[in-house]
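Student: Combine the two chains into a complex, taking the hints into account.
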Amino acid sequence: MVIIQIVIIAIALGLLLFVFSGKQTYTVRAWKKIAFCFLIFLMIVAVIFPEMVNQIAHLFGVGRGADLLLYILVLSFIGYVVNDYIHRQNEKDVIYRLARKLALLEANSKLDIKNKK
Amino acid sequence: MNDNVAIIIPVYNEANVIAGVINDLKKKFKYVVCVDDGSKDGSKVEISKSGSYLVEHPINMGQGAALQTGIEFARGLPVDYFVTFDADGQHRIKDAEAMLKELAKGKYDVILGSRFLGDSIGMKISKKIILKMAIKFSNITSGLKLTDTHNGLRAFNRIFAEGIQITLPDMAHASEILEIIAEKKYRYLEMPVTIEYTKYSMEKGQSMINAINIGVDTILRKFSKW
Numbered sequence: 000m001v002i003i004q005i006v007i008i009a010i011a012l013g014l015l016l017f018v019f020s021g022k023q024t025y026t027v028r029a030w031k032k033i034a035f036c037f038l039i040f041l042m043i044v045a046v047i048f049p050e051m052v053n054q055i056a057h058l059f060g061v062g063r064g065a066d067l068l069l070y071i072l073v074l075s076f077i078g079y080v081v082n083d084y085i086h087r088q089n090e091k092d093v094i095y096r097l098a099r100k101l102a103l104l105e106a107n108s109k110l111d112i113k114n115k116k
Numbered sequence: 000m001n002d003n004v005a006i007i008i009p010v011y012n013e014a015n016v017i018a019g020v021i022n023d024l025k026k027k028f029k030y031v032v033c034v035d036d037g038s039k040d041g042s043k044v045e046i047s048k049s050g051s052y053l054v055e056h057p058i059n060m061g062q063g064a065a066l067q068t069g070i071e072f073a074r075g076l077p078v079d080y081f082v083t084f085d086a087d088g089q090h091r092i093k094d095a096e097a098m099l100k101e102l103a104k105g106k107y108d109v110i111l112g113s114r115f116l117g118d119s120i121g122m123k124i125s126k127k128i129i130l131k132m133a134i135k136f137s138n139i140t141s142g143l144k145l146t147d148t149h150n151g152l153r154a155f156n157r158i159f160a161e162g163i164q165i166t167l168p169d170m171a172h173a174s175e176i177l178e179i180i181a182e183k184k185y186r187y188l189e190m191p192v193t194i195e196y197t198k199y200s201m202e203k204g205q206s207m208i209n210a211i212n213i214g215v216d217t218i219l220r221k222f223s224k225w
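Quick mapping for you: the protein sequence lines, in order, are chains X and W.
For the first sequence, numbering that gives the first Met the number 0 gives the first residue as 0, with consecutive numbering after it.
For the second sequence, numbering that gives the first Met the number 0 gives the first residue as 0, with consecutive numbering after it.
Heads up, a few of these hints could be off.
[What the hints assert, rightly or not] In silico DMTMM-like pairs for lysine to aspartate or glutamate, Cα to Cα no more than 20 Å straight-line: (1) Lys135(W) <-> Glu101(W); (2) Lys93(W) <-> Glu182(W); (3) Lys48(W) <-> Asp79(W); (4) Lys48(W) <-> Glu105(X); (5) Lys91(X) <-> Asp40(W); (6) Lys184(W) <-> Glu161(W); (7) Lys29(W) <-> Asp111(X); (8) Lys123(W) <-> Asp85(W); (9) Lys91(X) <-> Asp216(W); (10) Lys100(X) <-> Asp169(W); (11) Lys31(X) <-> Glu90(X); (12) Lys93(W) <-> Asp169(W); (13) Lys135(W) <-> Glu178(W); (14) Lys106(W) <-> Asp169(W); (15) Lys43(W) <-> Glu90(X); (16) Lys100(X) <-> Asp2(W); (17) Lys144(W) <-> Glu182(W); (18) Lys48(W) <-> Asp111(X); (19) Lys106(W) <-> Glu182(W); (20) Lys113(X) <-> Asp2(W); (21) Lys25(W) <-> Asp85(W); (22) Lys25(W) <-> Glu96(W); (23) Lys115(X) <-> Glu105(X); (24) Lys39(W) <-> Asp85(W).
[To be verified] If the Cβ cut is set under 7 Å, some of the chain W residues that face chain X in the computed set are: (25) Gly50; (26) Val54; (27) His56; (28) Pro57; (29) Met60; (30) Thr68; (31) Ile165; (32) Pro168; (33) Asp169; (34) Tyr185.
[What the hints assert, rightly or not] From the structure, some residues in chain W lie toward chain X, with a derived Cβ separation under 7 Å: (35) Ala64; (36) Glu189; (37) Met190.
No wet-lab data here; the hints were simulated from the structure.
Predicted model, so just to flag it, every value in this text is computed and none were measured.
Quick reminder that beta carbons are idealized off the backbone N, C-alpha and C, glycines included.
The shape of chain W in the complex, shown without the other chains (with noise of 0.2 Å):
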């Protein structure tokens, strides 16, 4: 039971599966906060039940905003490392071990996981497509050199949990999380992770549609700062 690192888990309307990712969670994991992100469904009484730590929004802020609660309420935890993890189940509790593995070695603040090192198991090919552009852009606007950028499987440690601060509540989060790995010189590497995408996690995900809200959210985000 590694009981030095806290799984931090966005939920938006995962009521028929969240309870089954906790649990495989809980077999390795001691600290597990699921913040519920105003879900309508009843997300909310399968994490109670889980026995996970709940942080409950009391609206709907997006995944950005539940992801910073949740980094906000670990850090009250008495551990050294996090980890994000998505609730749809299409990680997998291997490879964050790996990602935890590399950074016990201390010599990364942050590590990300990627599909395009690792395996994508059943990804349409339009979304490939979408993803690639999006990478592209995303490089770009922070400056990294990175094969996959949005996506939800990171391993950090203490320093970068106190001192990040998102602020972009939707999927806009993910580029923001670079550009802050950017401006701060975090110490990052990238690691092969397997996705798989379900039947339920293709309906759940992103639709392709919303790459013009994060591409125009981050645009924007760069002229403010001037």
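One chain only, chain X, in its complex shape (with noise of 0.2 Å):
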């Protein structure tokens, strides 16, 4: 048991520098499309030869092929939440600088109009 511990602290611990680190460079966007293409090529993997799955399992330190699923199916779903997070963040971010740039246009107008009478 004690390797899959650790692969999977690791893992999660690396994920969330990964998702943390804020900036979105193409080399970022690039590497979770690559991880996306990995998880569904398993996926295909582990339907057409189940046993294989509980062989790999075995061979982590896990008892059942569906136990490691279970796993890797969390850590997606955390790094999910997580990325979804600060983009969600940051889009705020974007709309709220445009609102403020409406709303300042919008009080200088009125300066203006104001100061011309």
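Tutor: What follows is the structure, encoded as structure tokens:
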């Protein structure tokens, strides 16, 4: 059970750093796509060769393949949630900047009208 | 009449008290800027009637965002000094004037109000405990040593006003401002202020559970800066 504990904790921490490191450069986005494709590939393999998942699980010291899948699922889900949160915060920031620009434009144009009168 | 200062007030649903607050300020200060943060009550009408400047957020964006908007608008006014003031009437004009006097000496860029150096009339003990914890937390994240980190009364000069960019929309902006002060090495001073906790301001005030949100947002930002 030791190997899997180390691997999962390492991945979890890596995920945390990876997602938190804010800057959504094209390299980061590309790696996300690669990871996604890899996940799909794994899923297909797992469906075709169910026994293989069990063997891989044993390799890592996990009792059943289903458990291993669950671990991966939970990790991907946490990654998704955090990623989505950061993404939404960034979008909110953009909207707020836009709204502020609008508010200032409006206030300043009112000011100009008042000054002209 | 002081015409070298812009008072900046973020307003969200304060129709009952905002007119009184503005009227008191208008007696002393020429430039009062209110940022209506998408209020759903009659705040906008009250501000329009009061003869202060009104900047309207099209949507509710939070106090931090409203402050930033107010500061950006006030940069365009012919003033050297700026004061942020709460809309609910819990701050005293006297305190703001004392802070401005100190600021005018030119030794500091920003002066922060502290209710723990001064008086807090009617503060609940539960609020005090949470606030003290927030102060500890904020001092750790910003690296400054302050006695009050979430006070809405601040006075600052043009260097600070031109340099500041608040990105956190909600209450977490208070910690963010301190981090900006630490990062850009602005010269700062804390001065005692008196806060009056009326029944009104306590009902309106921050719900204590919100401290969790502020904390998480502050930590998240630390991470994303790496």
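Student: Now tell me, hint by hint, if it's right for this structure.
Tutor: How the hints compare with the structure:
Distance hint between Lys135(W) and Glu101(W) is unfulfilled; the C-alpha atoms sit about 26 Å from each other, more than 20 Å. Proposed proximity of Lys93(W) and Glu182(W) is contradicted: the alpha carbons are some 30 Å apart, above 20 Å. Taken as a hint, the Lys48(W) and Asp79(W) pair is broken in the structure, with Cα atoms around 26 Å apart against an allowance of 20 Å. For the hint pairing Lys48(W) with Glu105(X), the CA-to-CA distance comes to about 18 Å; that is within 20 Å, so the pair holds.
Using a Cα cut-off of 20 Å, the hinted pair Lys91(X) and Asp40(W) is violated, with the two alpha carbons roughly 24 Å apart. A distance of roughly 14 Å separates the Cα atoms of Lys184(W) and Glu161(W); the hinted pair therefore holds under the 20 Å criterion. Between the alpha carbons of Lys29(W) and Asp111(X) the distance comes to roughly 18 Å, so the proposed pair stays at or under 20 Å and holds. Distance check on the hinted pair: Lys123(W) and Asp85(W) sit about 19 Å apart at the alpha-carbon level, within 20 Å; holds.
With a C-alpha separation of about 14 Å, the suggested pairing of Lys91(X) with Asp216(W) holds against the 20 Å cut-off. Among the hinted pairs, Lys100(X) with Asp169(W) is consistent with the structure: their alpha-carbon atoms are about 18 Å apart, no more than 20 Å. In summary, the hint linking Lys31(X) to Glu90(X) is supported, as the alpha carbons are separated by about 19 Å, within the 20 Å threshold. At most 20 Å may separate the alpha-carbon atoms for a hinted pair to count; Lys93(W) and Asp169(W) exceed this at roughly 27 Å.
Distance check on the hinted pair: Lys135(W) and Glu178(W) sit about 14 Å apart at the alpha-carbon level, within 20 Å; holds. A hinted pair counts as satisfied when its Cα atoms are at most 20 Å apart, and Lys106(W) with Asp169(W) does not qualify at roughly 30 Å. Between Lys43(W) and Glu90(X), the direct Cα distance comes to roughly 27 Å. Violation of the 20 Å bound is thereby established for this hinted pair. This hinted pair does not check out: Lys100(X) and Asp2(W) have alpha carbons roughly 26 Å apart, beyond 20 Å.
With a C-alpha separation of about 14 Å, the suggested pairing of Lys144(W) with Glu182(W) holds against the 20 Å cut-off. This hinted pair checks out: Lys48(W) and Asp111(X) have alpha carbons roughly 19 Å apart, not beyond 20 Å. For the hint pairing Lys106(W) with Glu182(W), the CA-to-CA distance comes to about 18 Å; that is within 20 Å, so the pair holds. Restraint check: the Cα-Cα separation between Lys113(X) and Asp2(W) comes to about 19 Å, which is no more than 20 Å; the hinted pair holds.
Distance check on the hinted pair: Lys25(W) and Asp85(W) sit about 15 Å apart at the alpha-carbon level, within 20 Å; holds. Note on Lys25(W) and Glu96(W): the hinted pairing holds, with a Cα-Cα distance of about 13 Å set against a maximum of 20 Å. Straight-line distance between C-alpha atoms of Lys115(X) and Glu105(X) comes to about 16 Å, which keeps the hinted pair within the 20 Å bound. Taking the CA atoms of Lys39(W) and Asp85(W), the gap is about 18 Å. The hint holds against a cut of 20 Å.
Hint status for Gly50(W) relative to chain X: violated, with the closest Cβ pair at about 11 Å, above 7 Å. Residue-level restraint check for Val54(W) holds (minimum Cβ-Cβ distance to chain X is 4 Å; threshold 7 Å). The interface hint given for His56(W) is met, as the beta carbon of that residue sits about 5 Å from the closest beta carbon of chain X, less than 7 Å. Nearest Cβ of chain X to the Cβ of Pro57(W): about 5 Å, under the 7 Å cut. The hint holds.
Given hint, Met60(W) at the interface with chain X, holds; its Cβ is 5 Å from that chain's nearest Cβ, closer than 7 Å. Here the hint on Thr68(W) is kept, as its CB sits about 5 Å from the closest CB of chain X, short of 7 Å. For the restraint placing Ile165(W) at the interface with chain X, the shortest Cβ-Cβ distance is roughly 10 Å, beyond the 7 Å limit, so the hint is violated. The beta carbon of Pro168(W) comes within 6 Å of a beta carbon in chain X, closer than 7 Å, and the hint placing it at the interface holds.
Interface restraint check for Asp169(W): the shortest CB-CB distance to chain X comes to about 10 Å, outside 7 Å, so the restraint is violated. Here the hint on Tyr185(W) is broken, as its CB sits about 23 Å from the closest CB of chain X, past 7 Å. The beta carbon of Ala64(W) comes within 5 Å of a beta carbon in chain X, closer than 7 Å, and the hint placing it at the interface holds. Below 7 Å, beta-carbon pairs count as interface contacts, and Glu189(W) has none with chain X, the closest being about 29 Å; its hint is therefore violated.
Because the smallest distance between the Cβ of Met190(W) and any Cβ of chain X comes to about 30 Å, over 7 Å, the interface hint for this residue is violated.
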